[in-house]
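In case you want the letters, here they are:
Number of protein chains: 2
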Amino acid sequence: MSARPFLAIDWGTTNRRVYRIEDGAVVATERDALGVTAVSDFAGELAAIRARFGDLPVLMAGMVGSTIGWREAAYIAAPAGIEDLGANLLRIDARTAIVPGVSFVDGKRGDVMRGEEVQLLGAVAGGLAPADAMLVQPGTHCKWVEMASGRIACFTTAMTGELFGLVRSHGILAAQLGAEVVLGDAFLEGARAGAKRDLTASLFGIRAAKLLGLRDDADAAPFASGLIIGADVAARVAEHSFDTAYIIADLMLGGLYAAAVKANGRAAMIVDSHAAFVAGITRLGAFLS
Amino acid sequence: MSARPFLAIDWGTTNRRVYRIEDGAVVATERDALGVTAVSDFAGELAAIRARFGDLPVLMAGMVGSTIGWREAAYIAAPAGIEDLGANLLRIDARTAIVPGVSFVDGKRGDVMRGEEVQLLGAVAGGLAPADAMLVQPGTHCKWVEMASGRIACFTTAMTGELFGLVRSHGILAAQLGAEVVLGDAFLEGARAGAKRDLTASLFGIRAAKLLGLRDDADAAPFASGLIIGADVAARVAEHSFDTAYIIADLMLGGLYAAAVKANGRAAMIVDSHAAFVAGITRLGAFLS
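These protein sequence lines map, in sequence, to chains X and B.
Okay, so the first sequence: first residue is 3 according to my numbering, each after it adds one.
Okay, so the second sequence: first residue is 3 according to my numbering, each after it adds one.
By construction, these hints were calculated from the structure, which means they are not laboratory data.
A quick note: this is a predicted structure, and the numbers were derived from the prediction, not measured.
Where hints are given, some of them may not hold.
The list treats identical chains as interchangeable, and a pair is accepted whether it falls inside one copy or across any two copies.
[As the list claims (entries may be wrong)] Taking lysine-lysine and the BS3-like style, the derived pairs with C-alpha atoms no more than 25 angstroms apart in a straight line are: (1) K212 with K110; (2) K212 with K198; (3) K212 with K264; (4) K264 with K198.
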């Protein structure tokens, strides 16, 4: 644990959150839309953050360490734990660093993460999830991560949220998918249909159902979300043996995933993503000095 | 068979093809980009076609009979054969008609076609495919159709081509998928990976492979096409028992599907789509008068 105060920045593509952390606790925090795609002068931004939050050591994580960020940090090969990442911080200067990402390669299949590793390792280190468990981070690119002895052992990313965004914004289904996605019968019906893992046909069924009047079209959006999330969950359940999925998410998206996991016969628990990040970055902060 | 000359129009969303047919043979044909979305005065267009091709009875098929076309023709419930469609032509006037579509409903799952039915029934009636067979029409929305005794018995539409278009034009993979899709090792590798039916994860793997240098990025487009087509084929093979898929398509797209079908342990034959349409519309033309 880092007893000395420091600043943590969870710096993603479109958003940024700054924390001032003292003795493992957040004493100040602020979220804004200055993700890496909105920033060009990173050194200037960092000086402004220090001016507001204190002239302290800074540890950054997320896309700030990618090719579209400030400097490209390496991917550390899984299995990877806090010590592996802490020993490989990308140093910008003596008191400023970026957390590296994590990669997983199995033959020709590879996968990467950048930013998620802090929440994952923090969830276990902070006691929010067991040291050997399946952790899930839903979102645009959903991570399914097997943790072993508290380290990231192997993982799979599914572009679940991105696919939903694509069919919602473009193409033949767009006009039907404007409604809010809520957890209800239509989502669950979609999740069960999605478990067939026949996405291109199941998605066209949404169009046919409208033309044939088979479903209230107001249900099309939650049904489509259920289809895509359900297919993701079913593929992971078929591939991995786990009793409980620990879902690191807000309650809304976490609730959808939990329902889809339960529809596939496994238990689900929701882990607060903010608490997991703070637990992880605090432990990594000990490697700053 | 219609011995009397008539005009056939295959009038789709973005393209149109006109045929003058005499004694079952095409004596003149012309293709242009005046699909239904480019036309508002359908009666005027038809008069112009008759002025060019002859003042003859006209039978139209395709999206011209949809809500975005001239007049909405019904969907005839499967099983449906030539007589069922011929008896239910939508009459615009005494010598002008539109072929109806076909629907299939099984509980809450439904499916529709409009335009494809002419090729399907023609493929069998013209002796290009057996009367009991699995027929496939690849494209934006790929149809998989079980023919029984020469009639459309049941079918599934997969938005295979549309999904490839979405990931190619929008989203995180777009920059990687610009290359032409050719039949080769990368396509076949994708088709084998697609058979796992884990699309959202397999697609993200294309991004990870680039970041980790696991595959020549020039192969990303054919690999992605193989993934999506391979998942479609594997889902149909799991659902239907058939030895040979008869693929109604041009040689390029038909060749990709044939390779994916063979990778899933079934035989494939390619059926000329133009010949199938002419065989079908000629038989339906007998119902005009």
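Verification of the supplied hints:
1. K212 with K110: between (41 angstroms within a copy, 11 angstroms between copies)
2. K212 with K198: within (21 angstroms within a copy, 29 angstroms between copies)
3. K212 with K264: neither (28 angstroms within a copy, 34 angstroms between copies)
4. K264 with K198: Both ways: K264 and K198 sit 16 angstroms apart in one copy and 22 angstroms across, limit 25 angstroms.
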